[in-house]
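J.: Residue numbers (the working numbering), protein chains in the order written: chain A, 1 to 476; chain B, 1 to 473.
Misleading hints may appear alongside valid ones.
Said to hold, decoys possible - Computed far set for chain B versus chain A, every beta-carbon distance over 12 Å:
1) T93
2) A194
3) P224
4) D226
5) E273
6) P288
7) A303
What the hints assert, rightly or not - Sample of chain B residues at the chain A side, in silico, Cβ under 7 Å:
8) F127
9) Y352
10) D360
11) A361
12) F448
13) A449
14) N451
15) S452
What the hints assert, rightly or not - The following label-pair restraints were derived from C-beta to C-beta distances:
16) B:R365 to A:E307: 56 to 62 Å
17) B:A15 to A:E280: 23 to 29 Å
18) A:P294 to B:R316: 50 to 56 Å
Since the hints were made in silico from the structure, they are not lab data.
Positions of the beta carbon are idealized from the N, C-alpha and C atoms, including for glycine.
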Amino acid sequence: MTDWEAVIGLEIHVQLATQTKMFCSCSPVFGDEPNTHTCPVCLGLPGALPVANAQAVHLGLMIGLALGCSLASQSVFHRKNYFYADSPKGYQISQFDQPLCGPGNLAGVRIHRVHLEDDAAKLIHASESGRIAGADSSTVDFNRAGTPLAEIVTEPDLHSAAQAREWLALLRTTLRTLGVSDVSMDEGSLRCDANISLRRVGDQTLGTKTELKNMNSFRFVERGIEAEIIRQRELLDSGQTVTQETLHFDPRSGSLTTLRSKEEAHDYRYFPEPDLLPVEVTEAMIASARDALPELPIERAARYVSELQIDDVLAERLAGDAELAEFFDAVVEAADKSIEARVLATWVSDDAAGRAGEDGLLASKLEPAALAELVALVDDGSITTAAGRTVLDQLFEVGGSPTAIVSDQGLGKVDGGDELEAAVDAAIAAEPEAAEKVRAGEQKALGPLVGVVMKHTSGRADGGEVRKLLLERLGS
Amino acid sequence: MSNDPTALTAASSAALVESGDLDASDLFEAWRGRAELDTFGALSWIAEAGDSPEQVDGPLGGVPLAVKDLFCTEGVPSQSGSKILEGYKPPYTASVVAALAKSGAPLLCKTHQDEFAMGSSNENCAFGPVLNPWDKSRVPGGSSGGSAVAVAAGLAPWALGTDTGGSIRQPAALCGIVGLKPTYGSVSRYGMIAFASSLDQAGPLTQDVTDAALLFSQMTARDPRDATSVGHQESIHLPDRKDLTGVRLGVPEELSGEGIEPGVRATFEETLERARELGAEVVPCPLPHAPHALSAYYLIAPAECSSNLARFDGVRYGQRVDPGDGLDAMYSATRAAGFGPEVRRRIMLGTYALSSGYYDAYYGRAQRVRTLIQRDFDEAFANCDAIVTPTSPSVAFPLGSRTADPLSMYLSDFCTVPMSLAGIPAISIPNGMSEGLPTGFQIAGPAFAENSILGIAHALESSIQFDRSGARV
């Protein structure tokens with residue numbers, strides 16, 4: 001068996017969160033009644049002309065800066081001619097040999113280019129699968145036509161499906177942090193194509209690649225690439241060759257189907273768009289894009305490590321989720337400075353984020369200041385960690401003040417005294433076998449006894465203290 | 001003063017409306033009556049009685065306008081001379097038409113043209129040819145033939161046309177009127193059904209130079225809807241120049257010698273002599289790359305048109321032919337039935353010129369030639385104020401005489417195409433008769449030098465005193 005290395009490059013289309021479409025003043029909203037956001041320009045009516053959206057150029061420059069790209073001083077729009085029902089003009093206005101942004105790098109993956117273009121209309125196929133195959137008819141929604149897109153193209157620097165997914169997630173967080181896009185794969189504001197080839201480990205030349213189109217979730221990106229790597233490996237192992245083609249991954253069946261072969265590849269007949277002047281990128285435009293840049297995920301993770309002494313893994317986990325990182329920063333801001341940031345980080349990352357699930361922290365009632373207050377109560381020993389988690393549950397559901405919840409519900413720590421002694425006695429009575437083993441010197445048997453005490457005190461007792469008391473009682 | 005306001009130039013009528021001696025709605029109705037006299041196939045649509053605007057405000061005095069078919073006019077057929085847009089009524093009006101209406105030139109009629117402005121004889125119009133009012137067996141030139149005939153025959157006081165390679169100047173010459181192709185970027189193209197986007201430019205076709213200046217003064221503006229429009233820095237004024245003292249006119253041998261009919265050559269020489277009498281200095285002025293202009297033009301314009309015309313698919317507007325055999329069959333049938341032979345020829349030429357592997361040899365090389373031609377003009381204008389040539393190598397030719405040979409038809413634009421490629425302004429004025437038909441004299445200037453060439457044209461026009469009554473119905 002030959003050892004094969006997968007070589008993967010990604011092409012990511014990002015719908016830019018502009019006020020208006022790329023070349024007209026229609027609103028680029030998602031989900032409205034079809035064909036309600038159209039005009040002569042985005043419908044491609046005879047005589048209509050495009051005018052480039054300055055905000056889209058600004059957002060494109062922000063992306064370029066965030067990805068460490070070189071920025072063009074002059075960028076040219078080209079016509080990419082293709083005849084299809086989703087293309088009202090018969091061509092897309094894209095960029096060809098003078099893209100807005102040139103080479104860059106994000107987390108070790110080289111960026112080839114970033115360019116601007118307009119999105120096609122949305123085709124809605126009347127078939128069970130929603131795909132064109134087997135559809136009786138198709139309708140066209142021009143609301144999407146003309147939506148500004150940034151296309152980000154990487155060099156083939158990725159080598160596994162999992163790595164591709166992980167990098168795509170970092171890119172998505174970066175774009176979300178920039179605020180340039182909704183980056184929702186569900187709604188199609190982030191779309192990913194992958195170019196995949198295999199070569200013998202150690203080879204420098206690239207093998208024949210295939211292009212995997214339009215995978216619309218992170219999971220499908222990983223599964224699709226994985227399936228294609230396996231398909232190519234099987235072909236090569238059995239002495240066959242890979243054919244250059246464009247493929248579609250069906251996540252339901254896990255199968256790959258050919259969309260078009262190399263022979264059917266389009267000749268787009270690119271030429272400079274005569275209706276638009278070249279975009280002259282001025283120092284002022286670049287300065288304005290730079291001023292608009294927030295702290296990026298990679299920079300944020302580095303800051304967590306260097307300034308807050310948080311370990312690498314936890315720092316990347318927090319910084320890798322823009323929403324989580326913003327929440328964490330707010331908790332740090334609100335917390336007493338005596339509390340170590342890594343303690344706060346664990347609470348945010350493990351306890352809070354764990355509870356948040358799919359909807360995210362912002363959908364809960366939990367306020368950053370409340371979490372900071374709660375961690376302080378645990379930190380100074382007012383409540384136990386277990387009680388803290390109980391309080392957190394309530395903060396999630398109904399919000400409010402942790403101190404108030406603790407006092408209202410009597411969740412303060414049980415500090416020795418009658419209550420704890422009674423609980424210890426009750427535990428010994430409830431678990432006579434365990435008690436006997438402890439008496440016989442078997443310390444491991446303490447566990448069930450401690451558990452009962454904790455249950456009785458609703459987790460308000462300090463574990464160490466309970467352990468000490470039990471051992472005193474059981475005379476060992 | 002004549003009681004018939006349609007016997008006056010547009011500027012004269014506007015002055016009478018301004019002074020209160022003429023009622024704008026009477027003027028509109030009088031011109032509507034004139035438009036009904038069309039026996040040349042010039043007009044594609046005429047306003048209804050009572051369509052005149054209630055209030056006229058603006059420097060154009062309510063003098064109504066004939067508009068080439070390819071300008072989008074809301075609710076009014078805008079077909080660009082093509083079957084594929086037969087009966088198409090756009091939901092919006094072209095910026096320049098709207099601006100002129102606002103300045104007091106309401107829409108009187110629409111005029112026939114070569115299909116998608118591709119042609120030099122108006123024989124490529126899907127709705128039949130337009131006939132020359134000087135001789136109905138002859139072509140009026142094209143592609144703005146309907147607009148030229150409307151003005152020449154007195155069906156309309158003035159008209160709007162478009163010029164891509166000569167489509168205003170050549171029909172103006174063949175019909176004995178004035179036609180101005182402005183500097184590229186002077187006038188908004190928004191709402192002009194595109195032929196070749198980097199060349200198309202709207203301009204006036206008028207009875208005299210003063211009318212051309214008046215109409216153009218209200219056309220030029222930067223339009224936020226057209227990224228390539230810039231307008232003019234200085235306002236366009238009505239020309240009053242009577243002499244040419246201190247003016248240097250350059251004559252390029254390349255565009256005024258070989259290939260020019262003797263009769264056209266003769267009136268050209270006469271006009272040069274007049275210019276000298278008026279005080280001008282006439283100097284030779286080489287444009288060494290000009291003879292290659294036509295070749296470059298017939299790559300660039302078809303390339304752009306092949307892309308511009310892709311949108312006509314029978315789905316959202318215009319004609320649809322559906323044999324009931326699926327979407328691709330509908331597309332093919334629609335485009336086969338909708339486009340005429342010249343349009344199909346240029347779509348194929350342009351598609352080929354842009355194809356992968358051929359781009360550099362054809363489109364790329366044509367753009368380099370275009371740059372050389374622009375440089376020729378830059379160098380020429382360092383040595384002269386304007387360049388003058390015959391507008392058309394020939395007078396109006398007989399209908400059908402060039403339709404079988406596209407190359408001979410393309411040569412009709414030999415003298416006008418170089419200026420189009422350079423994006424510079426050029427005006428054609430009638431300068432005499434040959435074989436009983438008018439000839440045209442072209443004056444081209446540097447970019448945005450419209451005031452200068454209008455002034456030179458006015459001085460020559462005053463001296464020539466061309467009699468255009470022979471074409472009036």
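J.: Confirm or reject each hint.
T.: Evaluation of the provided hints:
no., hint, in the structure
1, T93, "violated (10 Å)"
2, A194, "violated (7 Å)"
3, P224, "violated (7 Å)"
4, D226, "violated (5 Å)"
5, E273, "holds (41 Å)"
6, P288, "holds (26 Å)"
7, A303, "violated (6 Å)"
8, F127, "violated (17 Å)"
9, Y352, "violated (10 Å)"
10, D360, "violated (11 Å)"
11, A361, "violated (14 Å)"
12, F448, "violated (17 Å)"
13, A449, "violated (22 Å)"
14, N451, "violated (25 Å)"
15, S452, "violated (26 Å)"
16, B:R365 to A:E307: 56 to 62 Å, "holds (60 Å)"
17, B:A15 to A:E280: 23 to 29 Å, "violated (45 Å)"
18, A:P294 to B:R316: 50 to 56 Å, "violated (42 Å)"
Violated hints for the displayed structure, listed by number in ascending order: 1, 2, 3, 4, 7, 8, 9, 10, 11, 12, 13, 14, 15, 17, 18.
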